[in-house]
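From first to last, the protein sequence lines stand for chains A and B. For the first sequence, numbering that gives the first Met the number 0 assigns the number 0 to the initial residue and increments by one for each residue that follows. For the second sequence, numbering that gives the first Met the number 0 assigns the number 0 to the initial residue and increments by one for each residue that follows.
Every clue listed holds true.
In silico lysine to aspartate or glutamate, EDC-like type, Cα no more than 20 Å apart, as pairs:
hint : chain 1 : residue 1 : chain 2 : residue 2
1    : B       : Lys144    : B       : Asp46
2    : B       : Lys301    : B       : Glu266
3    : A       : Lys150    : A       : Asp46
4    : B       : Lys37     : A       : Glu131
5    : A       : Lys61     : B       : Asp235
6    : A       : Lys61     : B       : Asp238
7    : B       : Lys176    : B       : Glu315
8    : B       : Lys309    : B       : Glu82
9    : B       : Lys309    : B       : Glu298
Coverage of chain A stretches by chain B, computed from C-beta distances (three or more under 8 Å per stretch; other residues unrestricted):
hint : region
10   : 133-146
11   : 155-166
Counterexamples of contact, computed for chain A against chain B with all Cβ distances above 12 Å:
hint : residue
12   : Leu37
13   : Ser68
14   : Ala94
15   : Asn97
16   : Glu99
17   : Ser110
18   : Val174
19   : Ile178
20   : Asn234
21   : Pro244
These aren't lab readings, by the way, just hints derived from the structure by calculation. Note that the Cβ used here is the ideal one computed from N, Cα and C, for glycine as well.
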Amino acid sequence: MKTFRVSVFAFILATFVGCTNNSIQPEATSVNLQFLHLVDNQPLELDNIKYTNAVGQAYSIKTVKYFVSRVTFHKTDGTDIAIPDIHYVDIRDEATLNYELSEKIPYGSYSGISFVYGLVPEDNVTGSLGLELDQLMEWPMMMGGGYHYMKLEGEYISDDVITFFNFHSGSLNGVAYEIHVDLPNSSFDANASNLNVGMAMEISNWFQNPVDWDFAYWGSGIMGNADAQATVQMNGTDVFSVNFPETAL
Amino acid sequence: MRIKAVGSIFLLASALLSCTPDEQPDYTPTAYDLKIPKGFPAMEIPDDNPMTVEGIELGRMLYYDSILDQNQSRACATCHVQEHSFTSVPDVLPHVNLGWSYNWLWKGDVQGSLEDIMEFEVQHFFFTNLDNLKSDAAYLGLFKKAFGTDEITYQHIEMALAQFLRTLNSGNAKFDKVQRGEAQFTNQENLGFELFFTERGDCFHCHATAFFTDGQLHNNALDTDPDPGHFDISGDPLDFGKYKSPTLRNIEYTAPYMHDGRFATLEEVVNFYSEGLQPSPTVDPLMKQLSNGGVQLSEDEKAALVAFLKTLSDEEFVQNPEFSRNTQ
Ligand SMILES: [Cu+2]
Numbered sequence: 000m001k002t003f004r005v006s007v008f009a010f011i012l013a014t015f016v017g018c019t020n021n022s023i024q025p026e027a028t029s030v031n032l033q034f035l036h037l038v039d040n041q042p043l044e045l046d047n048i049k050y051t052n053a054v055g056q057a058y059s060i061k062t063v064k065y066f067v068s069r070v071t072f073h074k075t076d077g078t079d080i081a082i083p084d085i086h087y088v089d090i091r092d093e094a095t096l097n098y099e100l101s102e103k104i105p106y107g108s109y110s111g112i113s114f115v116y117g118l119v120p121e122d123n124v125t126g127s128l129g130l131e132l133d134q135l136m137e138w139p140m141m142m143g144g145g146y147h148y149m150k151l152e153g154e155y156i157s158d159d160v161i162t163f164f165n166f167h168s169g170s171l172n173g174v175a176y177e178i179h180v181d182l183p184n185s186s187f188d189a190n191a192s193n194l195n196v197g198m199a200m201e202i203s204n205w206f207q208n209p210v211d212w213d214f215a216y217w218g219s220g221i222m223g224n225a226d227a228q229a230t231v232q233m234n235g236t237d238v239f240s241v242n243f244p245e246t247a248l
Numbered sequence: 000m001r002i003k004a005v006g007s008i009f010l011l012a013s014a015l016l017s018c019t020p021d022e023q024p025d026y027t028p029t030a031y032d033l034k035i036p037k038g039f040p041a042m043e044i045p046d047d048n049p050m051t052v053e054g055i056e057l058g059r060m061l062y063y064d065s066i067l068d069q070n071q072s073r074a075c076a077t078c079h080v081q082e083h084s085f086t087s088v089p090d091v092l093p094h095v096n097l098g099w100s101y102n103w104l105w106k107g108d109v110q111g112s113l114e115d116i117m118e119f120e121v122q123h124f125f126f127t128n129l130d131n132l133k134s135d136a137a138y139l140g141l142f143k144k145a146f147g148t149d150e151i152t153y154q155h156i157e158m159a160l161a162q163f164l165r166t167l168n169s170g171n172a173k174f175d176k177v178q179r180g181e182a183q184f185t186n187q188e189n190l191g192f193e194l195f196f197t198e199r200g201d202c203f204h205c206h207a208t209a210f211f212t213d214g215q216l217h218n219n220a221l222d223t224d225p226d227p228g229h230f231d232i233s234g235d236p237l238d239f240g241k242y243k244s245p246t247l248r249n250i251e252y253t254a255p256y257m258h259d260g261r262f263a264t265l266e267e268v269v270n271f272y273s274e275g276l277q278p279s280p281t282v283d284p285l286m287k288q289l290s291n292g293g294v295q296l297s298e299d300e301k302a303a304l305v306a307f308l309k310t311l312s313d314e315e316f317v318q319n320p321e322f323s324r325n326t327q
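Here chain A stands alone, though its shape is the one from the complex (with noise of 0.2 Å):
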């Protein structure tokens, strides 16, 4: 279905190149993502107890994997490049830090980019992605089946006591919880062959803004708590951010 997609679009591509100039070749922009994580606007240090959230509670993060899925890319003239991928990271696994996209984009100048954090609903289907996403991110059919969207990890000290948090989210027995994201600051023209394209997530804002996140309110495991859920999508919307790194990772 993918081929069948890029053909089509190579087509409508090659015709309407035909007809302005003769290269043969339509000029586009291979693209390539880049995953950075942060915490208070610093490179991730994991397994160090080394940040303290709103409400004072000192934690580490130990775990980072996400998914991120249907990246979008905003022409100024109107039209939308939406690519397919569905895309698993892991902060563990250097492999799946740098990927470049299925796709190439049009030359051309453009307003912005956006995705989805997680997986829409006809995404999120149970055995879709593969065995070994299904053994790493499922989200059992007790809670409603799908993927976790993410698995964020850490320990944190309440009370003097070091206690492991699992900030996992996902949907919620029918209720989806995934974020559509707007990069801010996003344009840029696309005029070479490559394209880096820098995501950054600043881990401390899954804590705060709007809710300052209390580890030991919310207790370590939230995946079956509507309201966790839902302030977690809340907290996420001002999560990511974009650069455009000259060269690759």
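Place chain B with the ligand on chain A using the hints.
The following block gives chain B with the ligand in isolation, referenced to the frame of chain A:
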């Protein structure tokens, strides 16, 4: 590339066969139609080792025959005993649904396909002496039937064993019947089911999917001073104490439990997850009630969880005559 390899094997085989015109070409393997239990994903079968009736039969013969052992003293089935879901005391891993596995052995020593782990078992564990097989007329015939070869190689042995192991699939336990709407849980089993698949009991993160394993390695907080686990393989201190999450299918038949067989019963295992967790630096954050010693289940909840685990017992699997020694 794999496909090419198969192509050339076939070419070679047919070339060989055509050189001996007085002999009937007797390499006509029968394609085997593998039945995948409902609710399981498709199994990936390597292009260069398609399942055939003759290949599986050969694999089964070898599995039950001590001829593979350098000293001819034990067979695979000496330790991998069917009535115990192909385990035996104290630390033998089961042979169940391995066609979907890619991380092998307790410490994750080997990654790859069943053929890859068979290479380890045959060449680096049994140190199989090929001459023993080559001087056995019956095996010469069976290898010829299965692979069209006059030459018995390690690769053929491994391919045959892998084919047999791909048939050892268990998906007809009470749990499966309930999923298919053919049976009902008791109230107690149902409570256990809920505990297992929610963060209250919190087993599903590591014992995930239809296979009841996530295929990954974890430190599940057994000891303050854990055994090295995957550290022995990777040398990475972060891997200290990490072992493969075993499948929980047929868990009732595979006592004792854990990589060192420390727990004799499922009740002991559940007590451990409820209140016996031990801190150490590499405990998986998924063991999120570590600071409380565990998920703190009531006696009723513990009994319910054990009852649920027993719904993963597939009697048909441990009795299936197709998986037993061929006595004909
Ligand atoms: Cu979870």
